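Protein sequences appear in the order of chains P and E.
Residue numbers for the first sequence follow this note's numbering, beginning at 1 and rising by one.
Residue numbers for the second sequence follow this note's numbering, beginning at 1 and rising by one.
Hints may contain errors.
Which chain P residues stay away from chain E? Per the calculated CB distances, all over 10 Å, these [stated by the list, open to error]:
#1 V38
#2 I53
#3 K58
#4 L94
#5 N99
#6 F101
#7 D111
#8 E123
#9 A141
#10 N149
Cut-off 25 Å, straight-line C-alpha distance, at most; resulting in silico cross-link-like pairs (DSS-like, lysine-lysine) [unchecked claim]:
#11 K139(P) to K65(E)
#12 K230(E) to K208(E)
#13 K254(E) to K279(E)
#14 K279(E) to K258(E)
#15 K58(P) to K26(P)
#16 K137(P) to K230(E)
#17 K91(E) to K137(P)
#18 K103(P) to K58(P)
#19 K29(P) to K47(P)
Hints in this document: simulated from the structure, not taken from any laboratory.
Being a predicted model, the structure only gives us computed values, none of them experimental.
Idealized CB from N, CA, C, for every residue including glycine.
Below, each chain spelled out in residue letters.
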Amino acid sequence: MAKMIKLVSGDGAEFEVEEEVAFQSKIIKDIVADADDVIPLPTVSSKVLIQVIEYCRKHAAVNSFPLSPSSSAAAAASSSSSISYSKPVSDPALRAWDNEFVKLNNSSLFDIVIAANYLDIEELVDLVLETVADRIKGKQAQEIRRQFNIENDFTPEEEEALRRENSWAFQNN
Amino acid sequence: MGVGVSSVMGPDGEAGGLPTGLGDLPENCVAAVLAYLEPLEICRAARLSRTFRGASSSDSVWETKLPRNYRHLLALATDEENPYKKSRLCKKEIYARLCRPVPLDGGTKEFWLERTSGGICMSISSRALLITGIDDRRYWSYLTTEESGFHSVAYLHQTWWFEVDGEVDFCFPAGSYSLFFRLHLGRATKRLGRRICITEHIHGWDIKPVRFQLSTSDGQLAQSKCYLDKIGSWILYHAGDFVVENSDVPTNLKFSMKQIDCTHTKGGLCVDSVFIYPKGFRQGKIFAADLMT
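Taking the hints into account, I'd like the entire structure generated from these sequences.
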């Protein structure tokens with residue numbers, strides 16, 4: 001019988017998940033080690049927690065039942081290594097699932113990455129941040145500001161100083 | 001840990017209120033996003049807001065862009081600036097510094113970081129090459145020209161034995177590289193403000209091909225041959241490729257270009273310099289040589 005962990009969202013909703021699913025979060029893994037099976041997450045709303053659990057459930061399943069030797073090797077390597085970046089997802093089917101998963105508006109993505117950062121779910125943090133980077137790539141500053149609601153809080157002097165400071169990047173050799 | 005929690009939860013405990021914005025992300029998350037971008041885009045993103053400016057200068061971003069042996073490469077950049085200042089550069093400033101050419105061997109060689117790819121490039125002037133007969137004014141002379149990064153090229157009037165050898169000892173960051181000879185058939189000069197090409201000495205290159213060779217201290221060897229026939233422009237002739245496995249071990253590279261069939265003379269050629277670029281990064285016109293089997 002799979003051990004169940006109870007997660008409680010900030011708005012009071014309770015979610016029972018299998019231990020291996022919850023353990024995708026390093027924080028939860030550490031807390032449970034101290035013998036605590038009910039974990040309150042006051043800073044995470046139920047809407048976001050549902051999405052995070054969905055991700056963890058999918059990735060826990062893949063880690064337990066690898067489709068190919070290479071994906072299981074990658075999973076084993078990433079769980080035992082102490083490097084600060086996670087290895088890229090090698091299983092194409094899982095990558096495709098991930099790409100579908102992140103088809104959300106920016107605000108939802110940010111909610112997820114804040115929660116994943118808090119829960120220390122490295123692969124999910126990387127997935128969302130890379131998605132955000134893809135949405136920034138190749139765009140002009142005006143468009144990025146509009147899309148992400150970024151306020152230009154520079155003074156004209158600061159803008160000029162920044163232009164000079166970074167001019168090396170725009171020069172031709 | 002996240003800082004922007006207020007926008008995740010509305011006051012009634014439901015997900016509502018203002019949509020979560022990029023500004024709600026902790027700076028380390030913004031830095032992590034920027035790390036996925038190329039250096040040019042990171043510098044552009046710095047202009048978006050103060051948060052972006054801060055994140056774009058973060059060491060964690062630029063550490064991923066610098067070559068593995070950047071400390072060694074920076075040490076080679078002995079500037080007029082005092083060494084104490086150099087030791088206090090942040091990673092972004094190190095990247096910017098390495099994008100400016102660093103002279104080696106009395107200025108006869110230069111290396112620099114190619115700012116978009118982060119790969120190391122090198123140029124080796126004709127003064128650093130061993131050219132057979134270079135001291136004989138019947139055969140060779142040096143011309144001053146703005147068309148060379150070193151402002152001087154070796155010009156061949158004519159010779160039986162055409163041989164140009166070079167050697168470089170350098171800690172290239174691990175990766176694949178291509179070596180090119182930058183050559184020009186004919187001598188360029190200005191008449192009435194316009195560039196013209198003097199072709200009177202050009203001969204002999206259509207009889208036999210020029211042979212290129214490239215070898216490394218760890219046993220790699222590349223050989224190719226090619227007829228020189230493009231008159232009037234600078235061409236990068238691809239001599240071969242080599243691979244570096246370890247950034248911390250110096251690679252000793254020997255390369256040469258020869259046409260030593262002494263049944264005919266050849267001449268009318270400018271030899272500017274040798275270029276080494278990361279494989280796949282190309283500049284100028286490239287003439288592919290036939291590979292020897």
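Against the structure, the hints come out as follows:
Distance check on V38(P): its Cβ is at least 18 Å (rounded) from any Cβ of chain E, clearing the 10 Å threshold; non-interface status holds. For I53(P), the condition that its CB be more than 10 Å from all CB atoms of chain E holds, with the nearest at approximately 15 Å. Here K58(P) stays apart from chain E, with its beta-carbon at least about 22 Å from theirs, past the 10 Å limit. Its beta-carbon lying about 20 Å from the closest one in chain E, L94(P) satisfies the requirement of being farther than 10 Å from that chain.
The beta carbon of N99(P) is kept farther than 10 Å from every beta carbon of chain E, the shortest such distance being approximately 15 Å. With a cut of 10 Å on Cβ distances, F101(P) stays outside the contact zone with chain E, its closest approach being about 17 Å. The beta carbon of D111(P) is not kept farther than 10 Å from every beta carbon of chain E, the shortest such distance being approximately 5 Å. Non-interface call for E123(P) relative to chain E: holds, since the shortest CB-CB distance, roughly 13 Å, exceeds 10 Å.
For A141(P), the requirement that its beta carbon stay farther than 10 Å from each beta carbon of chain E is not met, with the minimum near 6 Å. Its beta-carbon lying about 5 Å from the closest one in chain E, N149(P) breaks the requirement of being farther than 10 Å from that chain. The straight-line distance between the Cα atoms of K139(P) and K65(E) is roughly 21 Å, inside the 25 Å bound, and the hint therefore holds. Of the supplied pair hints, the one linking K230(E) and K208(E) holds, its CA atoms being roughly 15 Å apart against a limit of 25 Å.
Of the pairs offered as hints, the one joining K254(E) and K279(E) holds, with about 18 Å between alpha carbons and a cut-off of 25 Å not exceeded. At most 25 Å may separate the alpha-carbon atoms for a hinted pair to count; K279(E) and K258(E) meet this at roughly 23 Å. Simply put, K58(P) and K26(P) have alpha-carbon atoms about 16 Å apart, close enough for the 25 Å limit, and the pair holds. As the CA atoms of K137(P) and K230(E) are separated by approximately 39 Å, the hinted pair breaks the 25 Å bound.
This hinted pair checks out: K91(E) and K137(P) have alpha carbons roughly 22 Å apart, not beyond 25 Å. With a C-alpha separation of about 16 Å, the suggested pairing of K103(P) with K58(P) holds against the 25 Å cut-off. Distance restraint check for K29(P) and K47(P): the Cα-Cα separation of roughly 22 Å lies within the 25 Å cut-off, and the hinted pair is therefore satisfied.
Hints 7, 9, 10, 16, counting from the list given before, are not met by this structure.
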